[in-house]
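Asker: Here is how the chains run, residue by residue.
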Amino acid sequence: MPEVAREKPVAQDETLVQLLTPDGERIDRATGPDGTEYSVDFTDDEYRDLYRDLVTVRRLDAEATALQRQGELGIWASLLGQEAAQVGSGRALRPQDMVFPTYREHGVLYCRGIDPIMPLSLFRGVDQGAWDPIKYRFGLYTIVIGAQTLHATGYAMGITKDGKVGGDDGEAVIAYFGDGATSQGDVNEAFIWSAVYTAPVVFFCQNNQYAISEPIERQTRVPLYQRAAGFGFPGVRVDGNDVLATYAVTRHALDHARGGQGPTLIEAYTYRMGAHTTSDDPSRYRPQAETEAWQARDPIARLATFLRRQQIADDAFLAEVDEEARKTAVHLRERVLTMEDPAPGSIFENVYPHGSPLLDEEQARFAQYRQSFEGSAY
Amino acid sequence: MPEVAREKPVAQDETLVQLLTPDGERIDRATGPDGTEYSVDFTDDEYRDLYRDLVTVRRLDAEATALQRQGELGIWASLLGQEAAQVGSGRALRPQDMVFPTYREHGVLYCRGIDPIMPLSLFRGVDQGAWDPIKYRFGLYTIVIGAQTLHATGYAMGITKDGKVGGDDGEAVIAYFGDGATSQGDVNEAFIWSAVYTAPVVFFCQNNQYAISEPIERQTRVPLYQRAAGFGFPGVRVDGNDVLATYAVTRHALDHARGGQGPTLIEAYTYRMGAHTTSDDPSRYRPQAETEAWQARDPIARLATFLRRQQIADDAFLAEVDEEARKTAVHLRERVLTMEDPAPGSIFENVYPHGSPLLDEEQARFAQYRQSFEGSAY
Amino acid sequence: MAAEVLTLGKALNLGLRRALERDAKVVIMGEDVGKLGGVFRITDGLQKDFGEDRVIDTPLAESGIIGTAIGLALRGYRPVCEIQFDGFVYPAYDQIVSQVAKMHYRSRGLVRLPIVIRIPFGGGIGAVEHHSESPEAYFAHTPGLKVVTCSNPADGYTMIQQAIASDDPIVFLEPKRRYWEKGEVDAEAPAFPLHSSRVTRPGADVTVVAYGPMVRTALDAATAAGEDGRQLDVIDLRSLSPLDLSPVYDSVRRTGRCVVVHEAPSNVGLGAEIAARVTEECFYSLESPVLRVTGFDTPYPAARVEEEYLPDLDRVLDAVDRTYGW
Amino acid sequence: MAAEVLTLGKALNLGLRRALERDAKVVIMGEDVGKLGGVFRITDGLQKDFGEDRVIDTPLAESGIIGTAIGLALRGYRPVCEIQFDGFVYPAYDQIVSQVAKMHYRSRGLVRLPIVIRIPFGGGIGAVEHHSESPEAYFAHTPGLKVVTCSNPADGYTMIQQAIASDDPIVFLEPKRRYWEKGEVDAEAPAFPLHSSRVTRPGADVTVVAYGPMVRTALDAATAAGEDGRQLDVIDLRSLSPLDLSPVYDSVRRTGRCVVVHEAPSNVGLGAEIAARVTEECFYSLESPVLRVTGFDTPYPAARVEEEYLPDLDRVLDAVDRTYGW
Ligand SMILES: Cc1ncc(C[n+]2csc(CCOP(=O)(O)OP(=O)(O)O)c2C)c(N)n1
Ligand SMILES: Cc1ncc(C[n+]2csc(CCOP(=O)(O)OP(=O)(O)O)c2C)c(N)n1
Ligand SMILES: [Mg+2]
Ligand SMILES: [Mg+2]
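Which chain is which? The protein sequence lines are A, B, C and D, in order. Going by the working numbering, the first sequence opens with residue 1, and the numbers climb by one from there. Going by the working numbering, the second sequence opens with residue 1001, and the numbers climb by one from there. Going by the working numbering, the third sequence opens with residue 2001, and the numbers climb by one from there. Going by the working numbering, the fourth sequence opens with residue 3001, and the numbers climb by one from there.
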């Protein structure tokens, strides 16, 4: 099993859907492997909004990494490099759509209009990511690789049951996962289920080239998007560092789903610029040169170039966005520092909707035990 | 989720590899979906041997069904209708190849030269299918759907490690499973592993149209053989009721694997003419007309027609084969009836290669308990 | 409906039917549950009457069944999943243990997953391997899951409806060898709490604790012991997590002797838990240690020797005897 | 090699290295075990020295890891599988429980699967969910598997080699919070049987039974109790299946008091089994019931409150006290 040479960091695949080149050149329309045409038609304001999202999301992410370094978070899974994949797909969602994320979809969450503080309690260890998925139309962060793809599929089956597909106001689901996740049985079962039941779900795979230390060659020999055809639905590879193409492809797939046409697999071809998490040391397994090559494909820089060239944005605007993002980050930091720890005894709560006498007993005993220390030197 | 109409029992797929039509017409060569050409070049003796295998395998299977009806077996999983898929693939194996079966591969087992009595102890409940897989180059029957496909893949990885691929004397593995099994995570993980490690394994899926009561539409919307491409290896659909085509396709895939070219998925398109097992009642879920339509594609009848037409066999030969098969079946029956029940106390044996004091104690106590009844009226 | 005599299988079928009638959000899903009505026919006729949208034949993958049931529950449905046999629940283990069991806790109560996982369990039907397992300890050891099992048609009819109506995720174990045993089912009978055990046959001498398929065995032992003048107090646990042991404690305080019976292997099984708790609660009442009569710590054996493996009347009586000899 | 002071992590690394050197059939496989050396670096440097054929980075799927390990074992290899964290073993549960555990039995001894499944387990490292589980009861309840855990570098070094050399399938649990704790490792030290428990600190008053990460906690409690004049007899089980309880029985016959400590939830956990057996064996010696100090019957909580969940010195001492008050 010799190591596969990794010379081409960039997909040389003809079928890569791209609407904005790494050099900031706008491509008018692009064609997917099945002939679908993709394009976007944004106003200047919308372009600027996208840029703002990208910058903010990166800035918040950097803040979280810093917070972890300072011991304020237990761990952090950075999205650095994947901003376009997340903002492009996140902005393509309609309000009624439902998201099933992994542990890295901070950018998608932000695009849903959710306060970015929401997942930080999880990473701080204050809770386990305790929000109402229905209220936010954003599922719980899922750490067990691939598990959420089945939840997404089941939820999508429920949409069909509810008669909420077929029209423009139909609902759709998007399930996020990584390149590594494609090897899990669960993800493949989700492909099967969604195909069999024509479930309105979009599988959005961020191929960031690595599953912790393992390069994509440890998971597949062929481009991941090709996996879909054998399950009976379309697959498309999009430049995940191109926010425009990602938006176009995701919007199309979501509408396809909500229209009752069933699932799509989107492979967003991107790169994890940072470590897997703050516990990881990528220098052990990947060459600096590779990371540098990807630097040239930065999702934010290319949009900035385009905006400038088109005079949609000037230096002042870019600086203002930076400054706004900085403030948002500072605000986030302040709130993380003042997060309250869970109340003593709360570990016994919410195990069961209807409670359990065993737990009541354990809780009571523990409270009694705790009290025995009161007033003692301890 | 409306029921899918099941009008076409026969694959209308252009890509179905066939060398012998249902009417017994010989097709000289056939082309697979990737352009591979398939043909066979059998001597008259070899044709006759194939016929003998088919008839014997069916006759033995009928005997086992009868034994179950008479209470001599606990259950039986009949291969009726799938004889060509099993004999064609089984005969394509070279002596050094390894088989990983489900619970229905009695015909493959027979073709390996193994005494057909071997699996009957399992179905009688005398043991759990206790043979040495290495000695027979035939794995243990596996009931948990799909589990054996990973074992096959791991074994194949071991072949590569041992340097036993790349030449004509290389070893290959064949993993059997059903159409229903393709939905299991394990089977898809086996596809991934075998592709990543270029493991010398052939995935042989007998698509007999049903997983107990569920028609193939509950597992997939597209032909199963197409699943392979998305994992990065060839897939081919063969007429599983055509022993010649099945032989040719399997032989080619095995040689491909032993040559170091990696896995192939073969979908043998066939039909389960009987019940799922003797516990099943197919009249609850499938129309008689469907079964009758498949009768016209019987794998044995078509070979008989061909042999007669080519004057490779005459009535006398066919009668002789029947008579031989009958004798073999009678012999099998006799031996089933005299199978010994396991020795008392044997349930404690072979839990661990190195034993366990806990079990020793349980066994000793149980023996003592048993003894306490001795001499008593009980 | 007045009281009717039904088999356990039919009582469960009727209970499922009532649940489907009562709440349009209830869906049944699993392998072969639709047209075939399940390999044990527990869902017989339900797809015909409630449609393919409510009684769903799924692809053949247990992780997929439970994983998609979670999604359906998030969408407001109440999935009742059938696992075809005990030995086939393990591919779904991750979804059950890491997702179903934990979602309420990790969301601090914001998410409820009212999922019922029905599993025919236990041996005694002469089946091939993986068809006679007793996996209850795996689930009872998992916080976030509740686990129940019924031993007779009346309980089956009531408990399956209660389980479906409950917002807790519940593993519902059905003693498959008892599917064909008959008993009276009275739809108007007063309900008992789902997680309550029950003294099935009172007796003053030895407490015998059993559940699921072994309740019948324990009752038979009680009859035999009664003929010998020993009165067994037979308690049917019904709920395996949480355990309702108060009736057991009460009994042991009177009898001073306790035998626990189950088919599952002994090592780290339910019997150990019951023994540990009874000993802690009734330490000064016990005349002898709590004894366990269980399957052995071997894989489930071949059908022709399963009777040797399974606890039977005689092994129960032997343990009862031993509580005296101590 | 003379005696060296090593961390547990390094001792395991060295043990794996020895095993790879000794037998060319030993292969290590898992997620990130190669170039990265594992997320805990337990396999650090092994791929570099033994090659990609012996130390294999696998696709990201645990069922695939164990399933292909079975195939490799059938081919004559001795796979050592790493599961990255305790909470990620469940996707492989079916392959472990239905295949690895049963293959020897169902083949009547004709097949051996010398597979070791290494799992860093337990909490206390401030991790997010699924990274602090204690799944030992699931495996100990499964006939056909053996389960061991080490509590210190010397045992880790020896036991990992013994486990790999054994033909039994073994779940090898590594107390991840102790990876960084140091101790002396003497390669020439006389070996002990793999499935033997050990009196780690002798004491006459109360028997304390622990394993894996809790041995350190029990020893700390013993030190504190000693200062108060109570001598705890601390026994490190090492083997969780089969249990080697003779030293425990011997001890309890002397002390009359017994406390079992583990991180896993209490309900149907190892503590229950130990309590049941100790009670049965030492019925007339016990001054009080066997008490359990365990994790609670909740999912493992968020990092900031895990200390509340985990048994600590004080909870052990509290239980020790309670064995007197009975
Ligand atoms: C079932 C399971 N196995 C192992 C892990 C440990 N783990 C966490 S992230 C990760 C790699 C995931 O890679 P990928 O799917 O590509 O997503 P990425 O982290 O690159 O976004 C692994 C192995 C896990 N969380 N769940
Ligand atoms: C994991 C698992 N789930 C369920 C079953 C019960 N079961 C036995 S055979 C079968 C259908 C298998 O269908 P298929 O794979 O098409 O093979 P066939 O029986 O048609 O040859 C099912 C569901 C099982 N054996 N294993
Ligand atoms: Mg990745
Ligand atoms: Mg089939």
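Check before you lean on any hint, since a few could be wrong.
What the hints assert, rightly or not - In the DSBU-like style, the derived pairs of lysine-lysine whose C-alpha atoms are separated by at most 30 Å in a straight line are:
hint, chain 1, residue 1, chain 2, residue 2
1, A, K164, C, K2182
2, D, K3025, B, K1135
3, B, K1327, B, K1135
4, B, K1135, B, K1161
If you are wondering where the hints come from, they were derived from the structure by calculation, not from laboratory data.
Asker: Confirm or reject each hint.
Answerer: Verification of the hints:
1. Restraint check for K164 of chain A and K2182 of chain C: not satisfied, since their Cα atoms lie roughly 44 Å apart, outside the 30 Å limit.
2. Distance check on the hinted pair: K3025 of chain D and K1135 of chain B sit about 20 Å apart at the alpha-carbon level, within 30 Å; holds.
3. Among the hinted pairs, K1327 of chain B with K1135 of chain B is consistent with the structure: their alpha-carbon atoms are about 27 Å apart, no more than 30 Å.
4. At most 30 Å may separate the alpha-carbon atoms for a hinted pair to count; K1135 of chain B and K1161 of chain B meet this at roughly 20 Å.
Figure legend: structure checked against the earlier numbered hints; the only hint not met is number 1.
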